[in-house]
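Trainee: Here's the letter readout for the chains.
2 protein chains.
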Amino acid sequence: MVEVARTVSLRYVPLEECRRIAALDGDRFERAAAFSDACRLNALYMIERAGSGHPGTTFSSIDIVSWLHLEVLGDGDRYFSSKGHDVPGLYSALYALGVIPRERLLRLRKLGGLDGHPDVGVPGIEANTGSLGMGISKGRGIAWAKRHLGRGGRAVVMVGDGELQEGQNYEGLQAAAHDGLSGLTVVVDRNELQSDKLTDEIVSLGELEERFRAFGWHVASCDGHSFEELRSVFTSFGGIADRPQALVARTIKGKGVSFMEHPTALREGGGTYRWHAGAPDDEAFGRAFDEIASRIGERLSAHDLGPLELESIAAEDETKRAEVLEGEPESGAGARRPKVTDEYVVDVYGDELVRLGAVHEELVVLDADLASDCRVRPFELAYPDRFVECGIAEQDMVSTAAGLARHGLLPVANSFASFLAARANEQIYNQASEHSKVVYALHYAGLIPAGPGKSHQSIRDISLLGALPGMTVVQPGSADETRALLRWAVEEAEGNVAIRLAIGPSPRRIDLDGELALGLGRVVREGADAVLLAYGPVMLHEALTASELLAERGIGLEVVDLPWLNRFDADWLDGLRGERIFVLEDHSPVGGLGDALRRAQGREVVSFGVEGWPACGTPGEALAAHGLDGASLAERVARSLET
Amino acid sequence: MVEVARTVSLRYVPLEECRRIAALDGDRFERAAAFSDACRLNALYMIERAGSGHPGTTFSSIDIVSWLHLEVLGDGDRYFSSKGHDVPGLYSALYALGVIPRERLLRLRKLGGLDGHPDVGVPGIEANTGSLGMGISKGRGIAWAKRHLGRGGRAVVMVGDGELQEGQNYEGLQAAAHDGLSGLTVVVDRNELQSDKLTDEIVSLGELEERFRAFGWHVASCDGHSFEELRSVFTSFGGIADRPQALVARTIKGKGVSFMEHPTALREGGGTYRWHAGAPDDEAFGRAFDEIASRIGERLSAHDLGPLELESIAAEDETKRAEVLEGEPESGAGARRPKVTDEYVVDVYGDELVRLGAVHEELVVLDADLASDCRVRPFELAYPDRFVECGIAEQDMVSTAAGLARHGLLPVANSFASFLAARANEQIYNQASEHSKVVYALHYAGLIPAGPGKSHQSIRDISLLGALPGMTVVQPGSADETRALLRWAVEEAEGNVAIRLAIGPSPRRIDLDGELALGLGRVVREGADAVLLAYGPVMLHEALTASELLAERGIGLEVVDLPWLNRFDADWLDGLRGERIFVLEDHSPVGGLGDALRRAQGREVVSFGVEGWPACGTPGEALAAHGLDGASLAERVARSLET
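If you read the protein sequences in the order shown, they are chains A and B. Note that our numbering has the first sequence beginning at 1, numbered continuously upward. Note that our numbering has the second sequence beginning at 1001, numbered continuously upward.
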């Protein structure tokens, strides 16, 4: 782990201060504004401390979240955010209301702390979200249950505007209207931006209010930062007894921090919004912090109250901060991105895609609003006429790719593995059944980074694609192997190829001798007692660490890079040395490489994989929690060799 | 296979007669009407001959299909139907135009003939469909490719109105509008009915035209059986250069056969539409046939042309007809449903669900417009306040179930396995991550019936759910086991359970001694030389047949029913007799029971499963094509034991 010097001291608004603010006399709108700013400050603190998170969207929705919690929600009501990545704001509000304890507030995106996206294991969190588009359906279920059980209260669901590109939203809208579920309220955080571009540039939503009306909903709209207008709308919703209600709240992404606010921030970013994901650097953090803190101070002073008393973090709470600063997916140009090595296989992927695009005019790249994270923006800039933006709509992306492929084009479809392989699974099956060829780039494959939590970690994608006839699943472990596998997929593969890609930095550079060859592994480190097969830069690093530790104990563990996860050269397999074959999965042991090897080879293989739900935390925490760090692996191999 | 007596002689309109009709002089509307009726007649013939198919929806869209092919579509244009189950009409039109040869027309839903749902392996078929909601996205891809490549022509996509409940449609709509894809036209077959009920009763679509407009499309509507109006609309669409166009065509389900037409048919069916799926019985077939044939005759006569000359099927073409009449999912009460045995495990499932509903007030049943096929209508009638209809929207169904489960209810979510496990996969993962409990009923699991084709056959569902923490996947092989497993799922299981269910009749009754016990198999037939593990009534029958055949050769193959597909009792496994363990999968060998056994047991297991794409045909044809019929299995086991 790399130590990163901390130059800004981290402070937050303690519970007592939150209570002082929440008890502000007089104007309820003033109170909400101060409370909301306190939540902003704590959210910013949490993101900075975690080294990752989503400030822009957190700040655009926090005024609404604050108003709801202070003035609207009653005992039987249930609130959650479908977009999920604005959860630092909700955590802050729940902390300020005494629901979330201090110990957890200090541990965003750390093991035993607060998940990077909402999880019901955290007090006050009503629904797991983070993968987009499920919230309206879930809210429908909650409102239906409340009505059926005769319990009072309503479900209030926050959705992002970009999120409304997901088709499931419209299933939920039509069903809730059909049911006449007046106990369901949806609030759209209409900040007009998605990850780093205008919604109108990605895939326009048109007149959102008309959409909701066309699906049978009661619709209102207002300024989402005006507490007066919020009060008026939520009061009016109480009178709607025959149908669900939607509020389209016009908001500003980054609201409350002048340089993060749209449109200023978009203009300063040259058309790209910099503050969607990732912690600001120290300088930006300091400016943002001071701006919010002084606004709170002024408000307290206007009420003749004493200055805001912030609390500093005790030194022992800071020890683990540095190690999280690696491997988070961060679009923001202003985001910290310290490196373990300089190598990102996903950067190499993006670069090779541009090179291949120059040679292959049939190559078309499809994106589902993750162009920065998936490093396909260079291709978009180089070949704008061969770049298809689909918005946050993975199913549409895959079926569009199917249509393109039927007409002689070679589509390369990009998204995070957890979304693409699962959400669009049936569409991939359908495309494959037409015997056309599509390359599926499964970004952010595997356990790490573990901060965003289980909605983003992908430990099932191999199993989700493995039973598809003709699908080859691969994962490169190095920069060179990334180029070679992508070239193979584009130029040689006869059917579909799914390329898993690590999104974070390679913990070490993996040197591979010789050329990539279909179905063959390559020895990365020799050893005489057993063989450990691994794939991807994260797990190859842990495998090598294990081998190095075992060598100190006189045990020779050969480490082999096997990028082919479901196609093997039989002779090569038979020729593997070693008394035992171990497999290290960046995946569940179910449906991964180990299963494929056992099926192909008919011999025993011991798998080490991600058992159970993937842990949320720093890379080191998550690997250790699953016994997949080098030291744990060394122990597990040694124990296994003893039996 | 059961022989079913054929009492009605089958005749069809041969190519020469189709040509005579297509060459009708004078009024082009008259010509289209006669052509369309000829296609109706041949579609009816094909469905009758196949013993299954979808007459109602075929007849509602066939006038539009005819008009498009006679008058609208040019060389560069591409037409396909997203709903897919109206394909007998399209096949008939393509036959009449000389694209599909006679041999294939005679073999709907048979091996080497015409797939039950569209497949690009058939001449003139542009896209694989059958699973709903993908067509607009695919059409978007085709239109995009045409524009990009500078090729002329447009994509015309037929969609069902019920189909528009699928969320993916709205992803495709917004993206096509954003792209300004004027080369894309969507025709909605607005017959107001879905499988067997009014769309407004299932989940209302509201004002469809408004929906399309809200998504940025140019919209027209007309009488979908008026060729004059169709001409006018398609002509007007030629002038729309800036956006895609949608025609909401008001149609009548069953149009052209008086007693199949809505609303008459719905009224006569007591609120249920009988002619959605399945071949009519002989009497109804005869009446429908005569009605259409005499209308064509009258039209020919009015043009002073000779009478319609129909062709009878040669006897040798008829030999295999009887065996297909088993195991098709057929909602229609008028549908033939001959039985191999009287046992349908899905009937038992539906019955047990009602019993459990009486005891468990927390039990809520969810449906995605397959209430008849999934046998949950009895539950709906018994406990209407605990039945949640979601329409054709599996993702919404699952996330709604998640919301219900979070509030103390026990949801049982129903759909076909191929749709539920794939389309809603990420939603199931999300629900599971909340540690609530949902029972997923995966209907129509496995290879058989094979007539509907690969969009409906489910050979990946175990692999799609296997890597989910806490998910138990089971499949009962008998009526008693179905009750016991469902009771276990509802009353004892701690986490999610997925119950695979065969949809067809049990080929034989499986007698199981003793009680169901977690993780244990039960011997169905003893044998000393090897053990064959199997699950589900279809494969247990084939396993027993294999064992019986092997016994004649002196080989003792023990057949064990193992309904637990990913949870085993370790002691029981170790205690299994036999030199070799064989596994018979009603699934791909990838990710099925065999993989789970190898992982659990660390010993060799030989899997027989559905390799490659599932074959379309009669049950016998499909089983034999995959080497999974009893005789083939006996050979494979014998050969394996020799090595």
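These are computed hints drawn from the structure, not numbers from a lab. None of these values were measured; they are calculated from a predicted model. Treat the hints with caution; some may be incorrect.
As the list claims (entries may be wrong) - Not the full set, but computed from the structure, chain B residues with beta-carbon under 10 Å of chain A:
{"#": "1", "residue": "G1152"}
{"#": "2", "residue": "R1355"}
{"#": "3", "residue": "A1358"}
{"#": "4", "residue": "V1359"}
{"#": "5", "residue": "S1399"}
{"#": "6", "residue": "A1402"}
{"#": "7", "residue": "R1460"}
{"#": "8", "residue": "G1466"}
{"#": "9", "residue": "P1589"}
{"#": "10", "residue": "A1631"}
{"#": "11", "residue": "R1636"}
All C-beta atoms, glycine included, are put in the ideal place defined by N, C-alpha and C.
Trainee: Hint by hint, note whether the structure agrees.
Mentor: Each hint tested on the structure:
Annotation: interface hint on B/G1152 violated; nearest CB of chain A at approximately 13 Å, more than 10 Å. Violation of the interface hint for B/R1355 is found here, the shortest Cβ-Cβ separation to chain A being roughly 21 Å, above the 10 Å cut-off. Hint status for B/A1358: violated, given a least beta-carbon distance of 17 Å to chain A, over 10 Å. Restraint check, B/V1359 versus chain A: the minimum CB separation of about 18 Å is more than 10 Å; hint violated.
Using the Cβ-Cβ criterion of 10 Å, the hint placing B/S1399 at the interface with chain A is satisfied: the shortest such distance is roughly 3 Å. Checking B/A1402 against chain A: minimum C-beta separation of about 6 Å stays under 10 Å; hint holds. Given the 10 Å rule on beta carbons, the hint for B/R1460 holds: about 4 Å separates it from the nearest Cβ of chain A. Evaluation of the B/G1466 hint against chain A yields a held restraint, the C-beta minimum of about 5 Å falling below 10 Å.
Against a cut-off of 10 Å between C-beta atoms, the interface hint on B/P1589 holds, since the closest Cβ of chain A lies about 7 Å away. The criterion of a C-beta within 10 Å of any C-beta in chain A is not met by B/A1631, whose closest approach is roughly 25 Å, and the hint is violated. A least Cβ separation of about 16 Å between B/R1636 and chain A goes past the 10 Å threshold, and the interface hint is therefore violated.
Violation of the numbered hints given earlier is confined to hints 1, 2, 3, 4, 10 and 11; the remaining hints are satisfied by the structure.
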